[in-house]
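Colleague: Sequence:
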Amino acid sequence: MSITQDLFGIHGTALALRSQRLTTLASNIANAATPNYKARDIDFTKALAMAESGTAVNQAGNEAMGYRIPLESSLDGNTVELGTEQTLFAENAVQYRTTLSFLQGRIGTLMSAIKGE
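Per this note's numbering, residue 1 is the first one in the sequence shown, and the count goes up by one each step.
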């Protein structure tokens, strides 16, 4: 186990996976009008489990990625449903910020301990 893992536990891994998921969801939103674009998403729980069992974070995210099945099909073959993507992006952004806040608090505690405060 690395020192980073000892200090931050699962939160460092979660932050990296949430960042990767934000990028994927942003790509879906950006391609909402692209014909035949297939919306993708990362199964966060699966990716986190893989990363915790030793798979590299980026590889875990890639292996846990799949195509989203739309509720309504479009005529141009695009599977992006803008409302769904925006909701998932916002939820993931809040979760990213929460994880980041936890890590900032942990770093602040460590800095106080190092300084002897």
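Derived from the structure by calculation, the hints contain no laboratory data. There could be a bad hint or two in this list.
Below, a list of computed lysine to any residue pairs in the SDA-like style, where the Cα atoms sit at most 25 Å apart [as the list claims (entries may be wrong)]:
1. 38 with 58
2. 38 with 88
3. 38 with 65
4. 38 with 105
5. 46 with 75
6. 38 with 8
7. 38 with 68
8. 46 with 74
9. 46 with 29
10. 115 with 67
11. 115 with 95
12. 38 with 11
13. 38 with 101
14. 46 with 34
15. 115 with 93
16. 115 with 88
17. 46 with 114
18. 115 with 12
19. 115 with 34
20. 46 with 91
21. 38 with 100
22. 46 with 98
23. 38 with 86
24. 46 with 111
25. 38 with 54
26. 38 with 77
27. 46 with 76
28. 38 with 98
29. 38 with 74
30. 46 with 115
31. 46 with 13
32. 115 with 77
33. 46 with 35
34. 38 with 62
35. 115 with 89
36. 38 with 69
37. 46 with 33
38. 38 with 22
39. 38 with 12
40. 115 with 38
Here the structure is a predicted model, which is why all the values come from computation and not from measurement.
Colleague: Compare the structure with the hints numbered earlier in the document and write down the numbers of the violated ones, lowest to highest.
Modeller: Hints 4, 5, 6, 8, 10, 11, 12, 13, 14, 15, 16, 17, 19, 21, 24, 25, 27, 28, 30, 32, 33, 35, 37, 39, 40 contradicted; others consistent.
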